[in-house]
Amino acid sequence: MIPIEAVISLGLLLFAVGFVGVVVRKNLVVMLMSLELLLNGANIILAGLGRRLGSPRGSIFALFVVMMAVSEAAVGFALILAYVRRKKSYDVDALDDLKG
Amino acid sequence: MFALIPLFPLAGAAVNGLLGARFLSRRAVGATAVGAVGLSFAAAAASFAGLLRAAEPAAVRTLFTWVPASLVRTASGALAEVRFDMAFRYDPLAAVMTLVVTGVGLLIHVYSLGYMAQDKSYARFFAYMNLFTFAMLVLVLGANLGVMFVGWEGVGLCSYLLIGFWFRKDAAADAGKKAFITNRVGDFGFLLGTGLLVYALGTADIAGISAAVEGGLLPKGAATAAALLLFLGATGKSAQIPLYTWLPDAMEGPTPVSALIHAATMVTAGVYMVARLHVLFTFSGAALTVVALTGAVTAVYAASMGLVQNDIKRVLAYSTISQIGYMFIGLGAGAYAAGIFHLMTHAFFKGLLFLAAGSVIHALAGEQDMRRMGGLRTRVPRTYRVFLVGALAISGVPGLSGFFSKDEILAAAFASGNTLAWALGLLGAAMTAFYMFRLIFLVFFGQERFSAETARHVHESPRVMLVPLEVLAVLAVAGGYVGLPRVLGGGAWFGRFLAPSTGAHGPHLAAGTELLLMAASVAAALAAIFAAHAVYVRGRGEPARRFAGKHGTLYRVVSGKYFVDEFYGRVFVGGVLRLGRLAAWFDRRVIDGLVDGAAALARAASRLAIGFDESAVDGAVNGVGRAHLAASSGLRRLQTGRIYNYALAVVLGVVLVITVAVAVF
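Listed in order, the protein sequences are those of chains A and B.
Add 3 to a position in the first sequence, counting from 1, and you land on the number used in my numbering.
Add 41 to a position in the second sequence, counting from 1, and you land on the number used in my numbering.
Treat the hints with caution; some may be incorrect.
[What the hints assert, rightly or not] For each label pair, taking beta carbons as the anchor points, the in silico distance ranges come out as:
id, chain 1, residue 1, chain 2, residue 2, range
1, A, Met36, B, Tyr687, 13 to 23 Å
2, B, Thr681, A, Val20, 20 to 30 Å
3, A, Met36, B, Gly694, 15 to 25 Å
Hints are computed from structural coordinates only; laboratory data are not their basis.
These figures come from a predicted structure and were not determined experimentally.
Just so you know, even glycine gets a beta-carbon here, dropped at the ideal spot from N, CA and C.
Throw the hints in and build the complete structure from the sequences for me.
Following this line, the structure appears as structure tokens:
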């Protein structure tokens, strides 16, 4: 039995790595990947807590999040592809059309 | 049965008017038009035969209710139910009129087949002719003044259409307008008279009016007023003073039109109407005197203008005005049947004269000026013979129709005590004989005064034109014998036949007096014919020229048609124009001034509004905009456009929310 603290710590760690990736990295693809890390960090905590509480709800919720992440990845990559075609760049700093 | 009489020409007009020009051959158009009038004549003859056998002298047939009954308070305060039925009334008077209209109309339609053969608008011509016949039949068959008015206006319209038939010619178009507008003046009188009768009696029905007048329901003054208003309508349609000026100009129309409308039928509508309402006119008395004197003065006045015309058709036009004057003398003397008798014989001989004049014009390829005619007796012998018959008939030569009818009128005028009307009538008769034979001698006798080019083409008219002429010539001779007076051994059948419609004849003369009057008028006519012969054949027109030279002013006045056209032109047309100019000035200065003033006011107000709008409203709107701009220019720096900044902001927000949540709860 893996202690719940370890599971939550792993989740938080993954979340933190993802967060830093999103905020710090400038490459769009890497940012999207970091986003997946964020989601999966949350998934681990969900699934772990569900198991600890003896309920399948956590796992079911985690499954939904995975499916959502897949869709999000598909849409996200499509957007990135369109963006790259227009700007000939992966750099997120070029994406400042809404700059006030 | 008699309701069918007007329907055939209506159908003919519809077929030719709607389909004729596009789908029918000229032959079919002619056959339709002539067939329609022929069937109508057959129906009229059959109805007449029925009437001779019938016990009742009058029949009324209601087709449908035209204006439904409504309660009206009449002048006397009584409530009356006023309604107009589309109803036809057939009695001896209507029988005579339908026979004349369809009979003479049929002959003129046949004649037109030849006369109009070269015209491009063949179908239009026959559609109008049939339409005219229809309208005239509605007029003579109408059982109330409303239906009569429909026909009355209908013949006016057709007259306009047919006078202006060659509307590309300015003179024709103008003449059509003149006829129409002049007639409108009369029609207005007719309408007012009808309105007055409806207001006074609560009915417009012929029988109803007659019964009410005989029953003493109408005050004398109202009767006179209504009769005079109706008579104003009659002067318009029948071309009497003061509304006669349109008829001579109407000669711009094709000659068959002049024959049918402006000689035989439409212009007698006024005579017919007065005879139709004879009870009203007799009751008024004063109106009857006006009718007689108008007729007598017109008879002489128009004849005097006929003496100096050079256009063959215009001579006949003035002659028509003059002869209708005779009819009104007869009516005015209370001898309504005599007036209608002259109407009928006049339809025969004047229709004949017009058609024969058309034949002359046809022979000379359109020439109408008698100064360029002459010597045609041998060139168009058949036309000459029928023309001579017509001229003898209209001049009142014994034995022909015009003699009987004119003498009956003059005798009636004498008997009624109106010797002025009688004397004028006698003078007019002499003038009539003179100008008719002046015409005969100028056209058919003497030297040929037309060009050699024309002379080569002179030809007798085709059979289709000559046969109707000869039929009319027979009628012009024989038509008078239906009314052969008692003093000459006849039975005055015509007057007795008409008595149920027009009342019995007034006072009778002693036989000797009547014969003396006849002798006087015959002597006058013969003397005039011999005078014409002396002047225009033996003197070759020289005495006339000398007379005109010696009395230059008189000649100018008469040949200038007494300058009545100019007078009307200046007073009425000019008056209307002046009124129009005044109205235009008023419109421009006063009405436009008001409108322009209102507009200027509105502009000034709107300028104020613009100022307010631009400074206050726009200022407020722009101020809001500028305030936002100023505020946002600081805030916009937050909008970096960098995703990771936003993401950081989201996370910081979440941390803040969680912190607050934890701290508070």
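Inset, instruction - Enumerate the violated hints, using their earlier numbering and listing them in ascending order. - result: none
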